[in-house]
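Asker: Sequence:
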Amino acid sequence: MLIPISWLSEYVDLPAGTTGAEVAAALVKVGFEEESLGAPMVTGPVVVGRVLSREPEPQKNGKTINWCQVDVGDANGTGEPQGIVCGAHNFDAGDLVVVSLPGAVLAGGFAISERKTYGHLSAGMICSASELGLGDDHDGIIVLTEYLGEQSAGLEPGQDALPLLGLDTETIEVNVTPDRGYAMSIRGLAREYAHSTGATFTDPALLEVDTPSGPGVPVALRDEAPVRGVPGCDRYVARVVRGIDRSRPTPRWMAKRLTDAGVRPLGLVVDVTNYVMLAVGQPLHAFDLGAVSGGIEVRRAQAGEKLTTLDGRERTLDAEDLVIASGGVPVALAGVMGGQDSEISETTTDLLLESAHFEAVGIARTARRHRLVSEASKRYERRVDPQLAPAAAQMAVDLLVDLGGGVAEEAFTEVDETSAPETFAFGTGRPSAVVGVDYDRRTVVERLRMIGCEVTADRGDAAEGDHGVVTVLPPSWRPDLRIPEDLVEEVARLGGYDAIPSVLPKAPGGRGLTLSQRRRRIAADLLADAGLHQVVTLPMTSAEQWDRLGYPEDDPRRNAVRLHNPLRAEEPFLRTDLLQTLVPAARRNLARGQRRAAVYELGRVVIPHGDGVAPVQEVGVPASAEMLAALADAVPHQPFHAAGIIAGEWERQGWWGPARVAEWSDALEVVLSLASRFGVEVTVEQAQHAPFHPGRCARLVLADGTVWGHAGELHPQRLTELELPERTVAFEVDVDALVAASPEVSTHQDFSAQPHSRVDVALVTDASVPAAALESALREGAGEHLESVEMFDQYTGEQVGEGRRSTAWRLTFRAADRTLTNEETNAARDAAIALAAERTGAEHRG
Numbered sequence: 001m002l003i004p005i006s007w008l009s010e011y012v013d014l015p016a017g018t019t020g021a022e023v024a025a026a027l028v029k030v031g032f033e034e035e036s037l038g039a040p041m042v043t044g045p046v047v048v049g050r051v052l053s054r055e056p057e058p059q060k061n062g063k064t065i066n067w068c069q070v071d072v073g074d075a076n077g078t079g080e081p082q083g084i085v086c087g088a089h090n091f092d093a094g095d096l097v098v099v100s101l102p103g104a105v106l107a108g109g110f111a112i113s114e115r116k117t118y119g120h121l122s123a124g125m126i127c128s129a130s131e132l133g134l135g136d137d138h139d140g141i142i143v144l145t146e147y148l149g150e151q152s153a154g155l156e157p158g159q160d161a162l163p164l165l166g167l168d169t170e171t172i173e174v175n176v177t178p179d180r181g182y183a184m185s186i187r188g189l190a191r192e193y194a195h196s197t198g199a200t201f202t203d204p205a206l207l208e209v210d211t212p213s214g215p216g217v218p219v220a221l222r223d224e225a226p227v228r229g230v231p232g233c234d235r236y237v238a239r240v241v242r243g244i245d246r247s248r249p250t251p252r253w254m255a256k257r258l259t260d261a262g263v264r265p266l267g268l269v270v271d272v273t274n275y276v277m278l279a280v281g282q283p284l285h286a287f288d289l290g291a292v293s294g295g296i297e298v299r300r301a302q303a304g305e306k307l308t309t310l311d312g313r314e315r316t317l318d319a320e321d322l323v324i325a326s327g328g329v330p331v332a333l334a335g336v337m338g339g340q341d342s343e344i345s346e347t348t349t350d351l352l353l354e355s356a357h358f359e360a361v362g363i364a365r366t367a368r369r370h371r372l373v374s375e376a377s378k379r380y381e382r383r384v385d386p387q388l389a390p391a392a393a394q395m396a397v398d399l400l401v402d403l404g405g406g407v408a409e410e411a412f413t414e415v416d417e418t419s420a421p422e423t424f425a426f427g428t429g430r431p432s433a434v435v436g437v438d439y440d441r442r443t444v445v446e447r448l449r450m451i452g453c454e455v456t457a458d459r460g461d462a463a464e465g466d467h468g469v470v471t472v473l474p475p476s477w478r479p480d481l482r483i484p485e486d487l488v489e490e491v492a493r494l495g496g497y498d499a500i501p502s503v504l505p506k507a508p509g510g511r512g513l514t515l516s517q518r519r520r521r522i523a524a525d526l527l528a529d530a531g532l533h534q535v536v537t538l539p540m541t542s543a544e545q546w547d548r549l550g551y552p553e554d555d556p557r558r559n560a561v562r563l564h565n566p567l568r569a570e571e572p573f574l575r576t577d578l579l580q581t582l583v584p585a586a587r588r589n590l591a592r593g594q595r596r597a598a599v600y601e602l603g604r605v606v607i608p609h610g611d612g613v614a615p616v617q618e619v620g621v622p623a624s625a626e627m628l629a630a631l632a633d634a635v636p637h638q639p640f641h642a643a644g645i646i647a648g649e650w651e652r653q654g655w656w657g658p659a660r661v662a663e664w665s666d667a668l669e670v671v672l673s674l675a676s677r678f679g680v681e682v683t684v685e686q687a688q689h690a691p692f693h694p695g696r697c698a699r700l701v702l703a704d705g706t707v708w709g710h711a712g713e714l715h716p717q718r719l720t721e722l723e724l725p726e727r728t729v730a731f732e733v734d735v736d737a738l739v740a741a742s743p744e745v746s747t748h749q750d751f752s753a754q755p756h757s758r759v760d761v762a763l764v765t766d767a768s769v770p771a772a773a774l775e776s777a778l779r780e781g782a783g784e785h786l787e788s789v790e791m792f793d794q795y796t797g798e799q800v801g802e803g804r805r806s807t808a809w810r811l812t813f814r815a816a817d818r819t820l821t822n823e824e825t826n827a828a829r830d831a832a833i834a835l836a837a838e839r840t841g842a843e844h845r846g
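Counting from 1, one number per residue, gives the positions in the sequence shown under full-length UniProt numbering.
Don't take each hint at face value.
[Claimed, not checked] List time: in silico DSS-like cross-link candidates among lysine-lysine, alpha-carbon distance up to 30 Å: (1) 116 / 60; (2) 506 / 63; (3) 29 / 116; (4) 378 / 29; (5) 63 / 29.
For the record, the hints were derived by calculation from the structure and aren't laboratory data. All figures in this text were calculated on a predicted structure; none of them were measured in a lab.
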């Protein structure tokens, strides 16, 4: 919102010499963000001059210039006439003109200096309107008696011309947040400046409004399909002004204010409606009276109806669009833009002025649907004061009568179906509790009344510091004040955000990270300590990526949540495995010349259940318990996973030896160390699981049978599809499942100082028997003194027969309180072998 300081000063008392920077600082204090400061386009010395003589001098190029002597009083420091060369001819000796002396800077940054031209030393310039930024006329200079009319009386040479022409005005631009629609006007920002500084505010909307002598143009509000159940229009004022003199131009003061506020002057009628909108914040629209002779009807458009708007585009209307119709035909898109068939033309002398209140959400949707954002729609979608329409219409009518020579009809129509704001209870001690600053009761009540609230005390005005509950009725121009927290913000804002101390909150004891959060951090540290680098990827993937990973058509991981508005159309799904997004990260690292890629990610995957479609909750309508339950049910399961990819060298080359390429066992070792760190027993089984190699894939199973994840070498065909090096290994596990299976209190075994006993056994089984089954049987059969079981070798060949395999196991025994005897160790060993033979058919090789 652009604010000319001179215009602002009409509605609020600004101390003499107040700068734009000071006004901006005052508005920032109460919560408005400063966008820019606009200094005057023209800087002095620019003064009034009286032409003493004008001598035409023809030039060889056919052009005639004038050598002038101009009286500029004492502005030049000498009191002598100023010699100036001028190419314009619309003035003569005795005329008062505008003179820019050396040192002045004109519009566009044009600096004035003394220079020799056409054989004369020209000490300045006699200015045209375009050179001063007052218009497009550059053919003739400004003659002040013509330009200012009666205001030119009493002007003296040397007098500063900038205030006379309105060129000394600074402008500031502030950012108005969407909840403060009232501030999209000079009136609203003047009120806020008064709040910040205590200056006296004069409300321009407090003017005497005419009472209609009878009904005017018929107006019907017929909204049969209101958006969100709220009528599209609940107030409509229609006033007629006849006999507008279209030859009358927009007065210079109004055109200058509109220009300074960023609005281009377009003609008296349009300029008046724009002026009132900028002044008080109420959009207006003027119709050619002949085009709406059938009366006004505010209704929803019929699907497929056509309307050509003022920008010349024919638009196909939606059934949700609110339109102004006359004679059954749309003549305007309500609150957004008028129609071409009913616009004010050069021949229009009689007009209908519309001042209405439209519902915010419907206007915002219409403006976006048609990609037609106007100054009116910007204000309506931020909510306009519903009680402002009559005063704004009166202000515009008065200007049209005064400036345009029109006559206002005494009979006019006003339809008012607005409802008053609702009151609510407010505890005056709440601001202190929320903000952390001690606001006494009297201060709270005064600040609420300052912004226009009606405050009814529960027991009169209590003593300072004595808090209680009051009843608050917000003003009509503040529809954003609906709950107590809104009033808390106002109390803090009016005191100045800079007055709120920066105090770090005290962390209450025992409310640190949860057990789950702590263990996720432990997992991240362990994976980093293992030599992997953490990456963070976007959680979107594609069906093509599933194909590259080799997922079968019936793989549940293909059942993913589809985004309605994805960042990339090629990746519309949320990932169901981390490897889906981790693979591209590894590939990018290798493509940039890395000899190895060892990366991991900790993040969520999204597993949908049911149809996964959440119900739509209407904006502004409180959600019911059933709606909240339905929303919660629609949220998909989002477990926390850890995944890693190791490609290329796992151990680098150095003085210690050659490099070693990563193997499937390296991936398995990483995840087993993770389980060990959390004290969770994990069974390793051979499995087939895309995208892993079917013979080099380990399925990790928790004690309760839950599949925790997979680790191993990726399938060679998948590596080709994924553009990864040969023998790349990977893993993916469910961290949430690991945390759930881990004990809440860390478990440990007491260290025993007793010596251990180790025995090795070799067992021959069918090659199909999993090593995990043998390990489980050995552990169970060995008894209470078993400390560890480790497979350290395997053999297949002629000595054990085709389809058979020999595995070697090392069993370590230790007692906590004594040294085990050979007999005890051998007995435990034999029991372990016997149980393994019973369960797996294993044969002991002596």
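Asker: Taking only the CA atoms, is the gap from residue 29 to residue 116 under or equal to 30 Å?
Answerer: violated, 51 Å
Asker: When you check the alpha-carbon spacing of residue 116 and residue 60, does it fall within 30 Å?
Answerer: OK: residue 116 and residue 60 at ~17 Å, within 30 Å.
Asker: Take the C-alpha atoms of residue 63 and residue 29, compute the straight-line distance between them, and say whether it is at most 30 Å.
Answerer: violated, 58 Å
Asker: Can the restraint linking residue 378 and residue 29 be considered satisfied, given a maximum Cα separation of 30 Å?
Answerer: holds, 24 Å
Asker: Verify the proposed pairing of residue 506 with residue 63, using a straight-line Cα cut of 30 Å.
Answerer: Outside the cut-off at roughly 81 Å; violated.
The structure fails to meet hints 2, 3, 5 from the earlier list, while all remaining hints are met.
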